[in-house]
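Asker: Listed below, chain by chain, are the residues.
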Amino acid sequence: MPDSHAVDQPHPVEHPHPTAGTYIRVAIILTVLTVLEVGVFYVPAFHPVLVPVLLTLSAIKFAIVVMFYMHLKMDNKFFTLLFGGPLLLAGAVMLGLMFLFGVLTLGR
Amino acid sequence: MSHAAPPAHYTSMGLDSRKMGFWAFIGSECLLFGSLISTYLVYQGRSVAGPTPSQILNIPVTSISTFDLLMSSLWMVLALAAVQRGDMKWAKIWLLGVAIGGTIFLGFQFYEFSSFVREGLTMQANLFGCTFFILTGTHGAHVTVGVLWMLTLWVRALQGKLGPQHAMTVEIAGLYWHFVDVVWIVIFTLVYLLHK
Amino acid sequence: MSEATGLKSWLTTTDHKRIGKLYFWTAFVMFLIGGLEAELIRIQLAKPENSFVGADTYNQLFTMHGTTMVFMALMPLAAAFFNYIVPLQIGARDVAFPRLNAFSYWVFLLGTVFMNASWLLPHHPAPDGGWFGYATLTEKQFNPGPNIDFWLLGLQILGIASLAAGFNFIVTILNLRAPGMKMMRLPVFSWMTLVTSFLMITAFPVITVALVFLMFDRVFGTHFYLPSAGGDPVLWQHLFWLFGHPEVYILILPAMGVVSEILPTFARKPLFGYTVVVYSGVLIGFMGWGVWSHHMFSVGLGPIADSVFALTTMLIAIPTGVKIFNWLATLWGGQIKLTVAMCFALGFIGLFTIGGLSGVTHASPPADLQQTDTYYVVAHFHYVLFGGTMMGLFAGMYYWWPKMTGRLLSEPLGYVHFWLTFIGMNLTFFPMHFTGLLGMPRRVYTYTHDLGVDDMNMASTIGAIILGVGMIFFVYNMWRTRTKGAVAGPNPWGGATLEWSIPSPPPVHNFDVIPTVTSRLPLWDSPPAPKTPPGHIHVPGGSWWPMVAAAGLPLMALAPLTHTLWIVFVGGAVLIYGIYRWAYEPFEV
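In order, the protein sequence lines correspond to chains A, B and C. When we follow the working numbering, the leftmost residue of the first sequence carries the number 36, and every step to the right adds one. When we follow the working numbering, the leftmost residue of the second sequence carries the number 3, and every step to the right adds one. When we follow the working numbering, the leftmost residue of the third sequence carries the number 152, and every step to the right adds one.
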C-alpha cells in the first residue's frame, strides 16, 4: 500500500485531464468496434471465429471505456486494484459455474 | 446556496474517500452482474419450451440502442469536463444529453420487452425468458437510477447549485454511468451477439 | 465539548461509538433470542420421540436459530467492534461515511424486525426452510405460506446493511489512518476488519441474486430453480454457497482479529509473526472463494468437481493453521495474565482448533458423504462458530468493555461465565460428533430410541442449559457493572494499540490531537507525548435521513410479502427522498 509522504496534505492530487478531442476519438473507436462486432455477426465467413472475435472486441471496448472514460488509466493504480480484483473474481466465478454446469469442458 | 468545498482533510492514501468508496461499490456490482450473467450463460439452451433467442432477438434494433448508450458515455465525459472547467452552460447541455440518451435507451428496452411479450416471451415462459428479463431488467433499473441522478444534477445546475467545486460528485455520477454502459457492452455481446 | 443526550440524539447519531453501541445491544438481544430458539430445540431433542414442539415449529426453530445467529447476532456483534474500535485503532475521528454508518445500523435493525415479525403473526409463519433455504423446498409449491417470503425479504434487507458497512470500513481503514500508520503497522483486528469488509462487498451480491431468483419464482411464477421448465435446484446451492462460504470467513476473521489483539496484551509480548498472520488472513479471504462446493459433496457434482474442491478445502487449512501456530508462539515465553478476556481468547484457540480438525475431515468427499446432513456437521460448525467466533467475541467484550463504558466487567463473575460457557459448550457439542457418525440426521424434529443416541442427546441438552446459566451470569455482570463496576482509566490492561491512549470512554472527538504513529505497538514502543490540542475540533452533527432512507427498504419489502404492488413505489419514494435529503443536507465530516 502506498505510504503517505507528508504529514500535512492538501487536496488529493489532480491529474491532467484528457481533452475533448481524446474523448471524441475514443467515441469514434467505440463506434467502429461496435460496427465491427455487428458486422462479424452478420458475415457468415467469420462464424468459425465468431466467439473469440466478439469476446475480444467487446473486451477492448470494455477496457477503453474503463481506462479513458472512467479515467482509470490516469488515476492512482489503487483504483485499478479496487475494481480489477472483484472483476477478476466475477470472471472466475462465471468460469467456475460454466464448468460446473457443463457449458465449458476441458479436453475432448 | 451551495456550501464551500469540504475542507482539505488529511487522508492516508491521498485519495478522495467518496471516489474510493464508489470504486469499491462498482467492484461489488461486478459480482452482482456477474452472477446474473453466469446464470444466463449456464441456462442457455436449456429452455424446454417457448421462444428461443434466435427467434426473438432483434440485433439491428439493439445495435442502435447499444450505440445510443455508448454515445451517452461521451456526453457524460464532456459534461464532467465542462463542470471541471466551470463551463456550466455546456455542463447543463451535456448532462441533459446523458439523461435523454439514457431515456432513449430505456425507450428501446421498453419497446423490445413489450414486443417480446407479444411474441410469447414472458419471464414465466421459459428459462430464456426469466434469465433474459432479470438480467436486462436489472440493467435497465440501473439505467433508470442513472437517468434520475443525471436529471437531479441537471436541475441543480439550472438552480445554480452545481459548480466546479462539485466536480467530484459529477465524476462519481460519471463512474456510475460508464459502468452501466460497460455492463451493457458485456450483455450485448454475450446475450445478443453470441446467442445460441 | 459535551455530548447531546436523549432519544433524538441517539436516533440521529452519526458517531461511530454510539452506532457501535446500538449494534452491540441489538445484536446481543438477538443472540439471546437465537439462544432461546436453541434451548427450545434442545428441549425437544432431550429425549427420543418427544412432543415438546411439533415438526413444523421445530423447522422454524432451527431455521430462525441459524439465520438469527449468523445474520442478526454474530455479524452485528463483530460490527459493533468494527464501529467502536477500528477508528480508534487507526487514529481517526470517525469512519469515512458517518451517515452511511448510521444507515447500516437502521437497515440492520429494520431487517431484523421484519424477519422476526413473522413470529408474531397468527400461526407464527416464521421461516422454516433452514438458514440455507434450499430450493425446491422453499418454492411456492412446497412452501405456499409467507414463511419463506419473510426469510428472503428479511435477508435482502440485512444484506444491504452489510454491503453499506463493507464500503464504509474499506475506505475508513485505507484512507483515514493517522499519519505514520502504515498498513503493516495496522492492528490485526483492523486488518481483519478490512479483509472481512472486502468479503462482504463481494459475497453479498451473489446471495442477493440468488434471493431475487427465489422471490421471482415464488411471487411471479418464474422457473429459476424449477426442474419442470429445465431449471436446476442445484443452481440455488451454487449461488448460496458462493456467498455462504465467504460468509463463514466473514464470521471468523473478526474474532481471529480480536484474539490477535488480546493474546499479546496478556502475554506482554508482541504478536509472533505479525506479517504472516496478516497475510494468512488475506489469503484466507481469497482462498475462501475457491471452496464453496465442499458444501455440496453429496449432490453428485462428479469426481472432477469433488476432487478440485477437496483439494482447495484442504489447502485453506494451511493459512488457518499458520495463524494458530503464531498465536501459540505469541504465548510461549510470555508473562501470561489470565484475565477473563485472556481465558476466552485461549478457549478460542483450543475450541476453534477442534472445529478446524472436524472441518478437515469434511474436506474428503468420501468421508463427508457419511458426515453430511448429520450432527457431525452441527458439531463442526458450532465448534468453529461458538467455540471460535463467540468465544472470540466474548473475549472482545471483556477486553473492550472498559474502553466503551468506562467501567470494568467483574472478573469473578466473568470467570463463572467463562467456565460455564466452556463446559456447557463442550458438553453440548462434543457428543454431536458421535451422534452424527451414529447416523442422527440434522434438521429432524425427533429421533427413535433404537438409534442409540438418547444419552448423548440428553448430555447435549444439559450442556445447553449450562450455557444458558452462563449467559445469565454474563447479563447480570453487564447490569451490575453499570453502577458497581470498577472505573477504568485509559489503559486498564496495558494494551499497545491506539485505542488505549485516550480516555475511557473516549470523548466524542476521540483524539484531542491525531497522533503520529511510528511503530506497530505505539503505546509500548513510544507512548505518545502530550500535545497541545487545537482550539476547535469539528465533529459532525446528527442526521435523520439515514433512518428515513432505511425505512424505505422494509416498506418496499412489504409489496411482495403482501402481493400488493403499489407499496413498492411508496417504499421506493421514501428511500429516494431520504437519499436526496441526505445528499444535499449540509454535513461536514
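One thing to keep in mind: the hints can contain errors.
Claimed, not checked - Straight-line Cα separation of at most 30 Å, DSBU-like style, residue types lysine-lysine; simulated pairs:
#1 C:420 with C:333
#2 C:635 with C:159
#3 C:420 with C:488
#4 A:112 with C:333
#5 B:163 with B:91
#6 B:94 with A:108
#7 C:333 with A:108
#8 C:159 with C:420
#9 B:91 with A:112
Said to hold, decoys possible - Per label pair, the in silico range of CB-to-CB distance:
#10 C:667 with A:127: 37 to 45 Å
#11 A:98 with C:207: 50 to 58 Å
#12 C:458 with A:127: 13 to 21 Å
#13 A:123 with C:291: 43 to 51 Å
#14 B:69 with A:78: 14 to 22 Å
#15 B:171 with A:78: 41 to 49 Å
#16 C:271 with B:69: 50 to 58 Å
What the hints assert, rightly or not - Away from chain A, derived, C-beta distances all over 12 Å, residues of chain C:
#17 352
#18 356
#19 386
#20 393
#21 440
#22 441
#23 453
#24 456
#25 523
#26 577
#27 589
#28 593
#29 610
#30 672
#31 676
#32 690
I should point out that these hints are in silico values taken from the structure, not numbers from a laboratory. Using N, Cα and C, we set each Cβ at its ideal position, and we do this for glycine too.
Asker: For every hint, state whether the structure bears it out.
Answerer: Here is what the structure says about each hint:
{"no.": "1", "hint": "C:420 with C:333", "verdict": "holds, 21 Å"}
{"no.": "2", "hint": "C:635 with C:159", "verdict": "holds, 28 Å"}
{"no.": "3", "hint": "C:420 with C:488", "verdict": "holds, 11 Å"}
{"no.": "4", "hint": "A:112 with C:333", "verdict": "holds, 18 Å"}
{"no.": "5", "hint": "B:163 with B:91", "verdict": "holds, 13 Å"}
{"no.": "6", "hint": "B:94 with A:108", "verdict": "holds, 27 Å"}
{"no.": "7", "hint": "C:333 with A:108", "verdict": "holds, 25 Å"}
{"no.": "8", "hint": "C:159 with C:420", "verdict": "violated, 44 Å"}
{"no.": "9", "hint": "B:91 with A:112", "verdict": "violated, 33 Å"}
{"no.": "10", "hint": "C:667 with A:127: 37 to 45 Å", "verdict": "holds, 41 Å"}
{"no.": "11", "hint": "A:98 with C:207: 50 to 58 Å", "verdict": "holds, 54 Å"}
{"no.": "12", "hint": "C:458 with A:127: 13 to 21 Å", "verdict": "holds, 18 Å"}
{"no.": "13", "hint": "A:123 with C:291: 43 to 51 Å", "verdict": "violated, 37 Å"}
{"no.": "14", "hint": "B:69 with A:78: 14 to 22 Å", "verdict": "holds, 19 Å"}
{"no.": "15", "hint": "B:171 with A:78: 41 to 49 Å", "verdict": "holds, 45 Å"}
{"no.": "16", "hint": "C:271 with B:69: 50 to 58 Å", "verdict": "holds, 54 Å"}
{"no.": "17", "hint": "352", "verdict": "violated, 8 Å"}
{"no.": "18", "hint": "356", "verdict": "violated, 9 Å"}
{"no.": "19", "hint": "386", "verdict": "violated, 8 Å"}
{"no.": "20", "hint": "393", "verdict": "violated, 6 Å"}
{"no.": "21", "hint": "440", "verdict": "violated, 6 Å"}
{"no.": "22", "hint": "441", "verdict": "violated, 8 Å"}
{"no.": "23", "hint": "453", "verdict": "violated, 9 Å"}
{"no.": "24", "hint": "456", "verdict": "violated, 6 Å"}
{"no.": "25", "hint": "523", "verdict": "holds, 18 Å"}
{"no.": "26", "hint": "577", "verdict": "holds, 38 Å"}
{"no.": "27", "hint": "589", "verdict": "holds, 33 Å"}
{"no.": "28", "hint": "593", "verdict": "holds, 25 Å"}
{"no.": "29", "hint": "610", "verdict": "holds, 40 Å"}
{"no.": "30", "hint": "672", "verdict": "holds, 19 Å"}
{"no.": "31", "hint": "676", "verdict": "holds, 18 Å"}
{"no.": "32", "hint": "690", "verdict": "holds, 21 Å"}
Going down the numbered hints, you'll see the structure goes against 8, 9, 13, 17, 18, 19, 20, 21, 22, 23, 24, while the others check out.
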